[in-house]
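Spelled out from the first residue to the last, the chains are:
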Amino acid sequence: MDLSLSDDQEQLLRMVKEFAEREVKPLAAALDREARFPSQLVARMAELGLLGIEVPVDHGGSGLDTLAYVLAMEEVSAACASTGVIMSVNNSLVCDPLLKFGSDEQKEQWLEPLAAGEKLGCFMLSEPEAGSDAAAQTTVAVRDGDEYVINGTKNWITNGPQADTGILIAMTDREQGHRGISAFVVDMNGKGVRRGHKDDKLGIRASHSCQIFFDDHRVPVSQRLGEEGHGFKVAMATLDAGRIGIAAQALGIARAAFEAAASYACERKTFGKRIIEHQAVAFMLADMETEIDAARMLTWRAAVAKTSGARHTRESAMCKLMASEVANRVAKNAIQIHGGNGYVSEYPVERHYRDAKITEIYEGTSEIQRIVIASHLLRG
Amino acid sequence: MDFSLSEEDLLLRDTVRELCDQQVRPHAGAWDEARALPPELLPGLGQQGLLAMERPEDEGGAGLSTVAATSLVEELAAADGALALLVSVHNHLGLAHAAQGLRPGPRAQELPALTDGRHIAAWALSERGSGSDALRLSTSARRDGDGWVLQGEKRYVLGASVAQRIVVLATTAGAGKDGPERSRLEEVVALLVDADAPGLERSEPVRTLGMRAAGTAHLRLDGVRVPAERELGDPGRAWADAMALLDRSRVGMAAVACGIGRGAMEVAAAYAQEREQFGRPIAEFQAIQWKLADMATTLEAAWLLTLQAAWRRDVGLPFGAHASRAKLAAARAATVACSEALQIHGGYGYTREFPVERALRDARLCEIGEGTNEIQRLLISRAIAERFAA
Numbered sequence: 001m002d003l004s005l006s007d008d009q010e011q012l013l014r015m016v017k018e019f020a021e022r023e024v025k026p027l028a029a030a031l032d033r034e035a036r037f038p039s040q041l042v043a044r045m046a047e048l049g050l051l052g053i054e055v056p057v058d059h060g061g062s063g064l065d066t067l068a069y070v071l072a073m074e075e076v077s078a079a080c081a082s083t084g085v086i087m088s089v090n091n092s093l094v095c096d097p098l099l100k101f102g103s104d105e106q107k108e109q110w111l112e113p114l115a116a117g118e119k120l121g122c123f124m125l126s127e128p129e130a131g132s133d134a135a136a137q138t139t140v141a142v143r144d145g146d147e148y149v150i151n152g153t154k155n156w157i158t159n160g161p162q163a164d165t166g167i168l169i170a171m172t173d174r175e176q177g178h179r180g181i182s183a184f185v186v187d188m189n190g191k192g193v194r195r196g197h198k199d200d201k202l203g204i205r206a207s208h209s210c211q212i213f214f215d216d217h218r219v220p221v222s223q224r225l226g227e228e229g230h231g232f233k234v235a236m237a238t239l240d241a242g243r244i245g246i247a248a249q250a251l252g253i254a255r256a257a258f259e260a261a262a263s264y265a266c267e268r269k270t271f272g273k274r275i276i277e278h279q280a281v282a283f284m285l286a287d288m289e290t291e292i293d294a295a296r297m298l299t300w301r302a303a304v305a306k307t308s309g310a311r312h313t314r315e316s317a318m319c320k321l322m323a324s325e326v327a328n329r330v331a332k333n334a335i336q337i338h339g340g341n342g343y344v345s346e347y348p349v350e351r352h353y354r355d356a357k358i359t360e361i362y363e364g365t366s367e368i369q370r371i372v373i374a375s376h377l378l379r380g
Numbered sequence: 381m382d383f384s385l386s387e388e389d390l391l392l393r394d395t396v397r398e399l400c401d402q403q404v405r406p407h408a409g410a411w412d413e414a415r416a417l418p419p420e421l422l423p424g425l426g427q428q429g430l431l432a433m434e435r436p437e438d439e440g441g442a443g444l445s446t447v448a449a450t451s452l453v454e455e456l457a458a459a460d461g462a463l464a465l466l467v468s469v470h471n472h473l474g475l476a477h478a479a480q481g482l483r484p485g486p487r488a489q490e491l492p493a494l495t496d497g498r499h500i501a502a503w504a505l506s507e508r509g510s511g512s513d514a515l516r517l518s519t520s521a522r523r524d525g526d527g528w529v530l531q532g533e534k535r536y537v538l539g540a541s542v543a544q545r546i547v548v549l550a551t552t553a554g555a556g557k558d559g560p561e562r563s564r565l566e567e568v569v570a571l572l573v574d575a576d577a578p579g580l581e582r583s584e585p586v587r588t589l590g591m592r593a594a595g596t597a598h599l600r601l602d603g604v605r606v607p608a609e610r611e612l613g614d615p616g617r618a619w620a621d622a623m624a625l626l627d628r629s630r631v632g633m634a635a636v637a638c639g640i641g642r643g644a645m646e647v648a649a650a651y652a653q654e655r656e657q658f659g660r661p662i663a664e665f666q667a668i669q670w671k672l673a674d675m676a677t678t679l680e681a682a683w684l685l686t687l688q689a690a691w692r693r694d695v696g697l698p699f700g701a702h703a704s705r706a707k708l709a710a711a712r713a714a715t716v717a718c719s720e721a722l723q724i725h726g727g728y729g730y731t732r733e734f735p736v737e738r739a740l741r742d743a744r745l746c747e748i749g750e751g752t753n754e755i756q757r758l759l760i761s762r763a764i765a766e767r768f769a770a
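Going line by line, the protein sequences match chains A and B. Numbering of the first sequence is given in my numbering, commencing with residue 1 and proceeding in unit increments. Numbering of the second sequence is given in my numbering, commencing with residue 381 and proceeding in unit increments.
What the hints contain is simulated information worked out from the structure, not anything from laboratory work. Check before you lean on any hint, since a few could be wrong.
[Stated by the list, open to error] Covered stretches of chain A (in silico footprint by chain B; criterion: 3 or more residues with CB under 8 Å from a CB of chain B, positions within the stretch not fixed): (1) 256 to 265; (2) 282 to 294; (3) 311 to 322.
Because the structure is a prediction, the values reported are computed rather than measured. By construction, the Cβ of each residue, glycine as well, lies at the ideal position given by its N, Cα and C atoms.
Please put together the full structure from these sequences, using the hints given.
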């Protein structure tokens, strides 16, 4: 057992902390208020190597491990959860499957510009009628000679309005059920790809999502990611990794809310003393810190498991479940500690509260995580 | 970063798991009923090194790291929480205090029997009027010639019924006119007392909700004479020593909670796959799956916090607040998990035919002993206040 960070991890953490504190945090409230995509921050993340953290250096990435990615995600998300998810999608949901399942040609053509941050990626699995039941895909990719012809609609696609490149999950053989699903890499500016209006969301408002419509979009067979029929496996493996990133995002949100509440409790006075001196408040803070620390341990464990190459479906589900629920509880109580001030956007905690909610939903709802965890427990 | 136990530590844990399967798990319910452990059990554990886990090998101990010892306590607790807690208290409070506090002469006399399982050492701090407010001591230690004289009462001394030695914390301050006042830190002394010393009377085992086999008793100390050489630690430092020992033992208590919770969860998961209602195993109902998923997640998170605190101690980092968080999280997770494990068993869970009702009763102490949940929150929040005050 060794819970210390490596020099590389420490170094990245220091760098990202400074970036998050100086460049991201000051913009977060305005980005949220205006629901403005943080193009300049995305460009800075590209420069800093934060958009392809786990991609090897010779493929344009930073060549670090999953724990490094998790540390960076927590810092960026603590400053701005919207910026965090933009980063997470590019890293976990786009670079990761290309790295794991892509051919050498695909890596060169598609992965390298994404890892270097020259292009931005999105991941298209959800559909209007296929959320938790991800195998219920209706988007089809029909083989036609050396090409596939793609038709269908994808839903809630984070980075959809901006993305240059997308990972697409579609049905190639409806008869086969989830074994008839395949994955593709697509050019989002290609013919027959149309983006819908950006979704008007409760939280993470500076990260944009939209529907994507495919209307006879043709891709060469060379853009299929992995074997035909292996798309569901690609999607699930991708989410196993992605959930660790979302857990780290949730940790960041939770920590930001906790720190805001702790600072506030040390200043605000009622009944003649600082409110942190009232046990009702102090004990809430103690529970918040305990839960955040617990969720962080689960998240780090999952990250280490992924880097080791071990199967980590259960570990990912656990950290995502706990971190997202902790983020929601912590943000809720952070508002409570702020009282009336917490309810207005002059203070950051109402944003943290709104941002926290999505972490219980995307990349597998809490209910899906519980199914995954229970199935491992009962199988074992 | 690496969360795994070493090969050696894993082997050791497997050995303890086997020992539990053979000698502990089948009997834990009966020991609970009897409110006692069989007399040969503890010397047997002593021979396995479990009663001197962190003592150096050249002094007869097992020479384990905090992480390794913590994993063994967790394993014991999955079979029997009461036994695990007794082992933890002996190792981390009684023996640890004696080992660090005795001067060379008496140390050479006392340590061998406390190391190999012949002697168990309990640790007595709580009193009728002094629990969370631990400095409000009324048990007094008066210097008399070549030694100390103890007068007073101690309550809820876990392991006192089976112990041969008891560390007693007492105050050199006299009582105020309205009863005990809070002692100054330097007025506290720690003395290693023979359990059969004249004037020391142990009550019958206290009728507790759980942890019944751990031999919890009250003590009456009426003019108990203790030789000066049995004072533990430097004069004026006993309170600081005691608080540092409690930091360590809370990691043990956290491991006890994690083990009890895991044991109950495993029993519940097995039961859920056997028990059929509405034509299928109840494990197929999401209502049951949800409980199991939440138990597993909160228990594993608490276990990682526990290992974190243990690892920090091993590498010499501050770990007190981490121990408090681990204990708080583990105790909460264990109580909830045991309650849900009982719920999964339905009516059967409420009977003594299944081990989950005992687990629930045992787990409950983890929220109280060695600092209540509230005291942990107090300690954690004080550290937060220090960090965030501008």
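Self-check item: Unmet hints by their number, sorted upward, for this structure
Solution: Structure breaks no hint.
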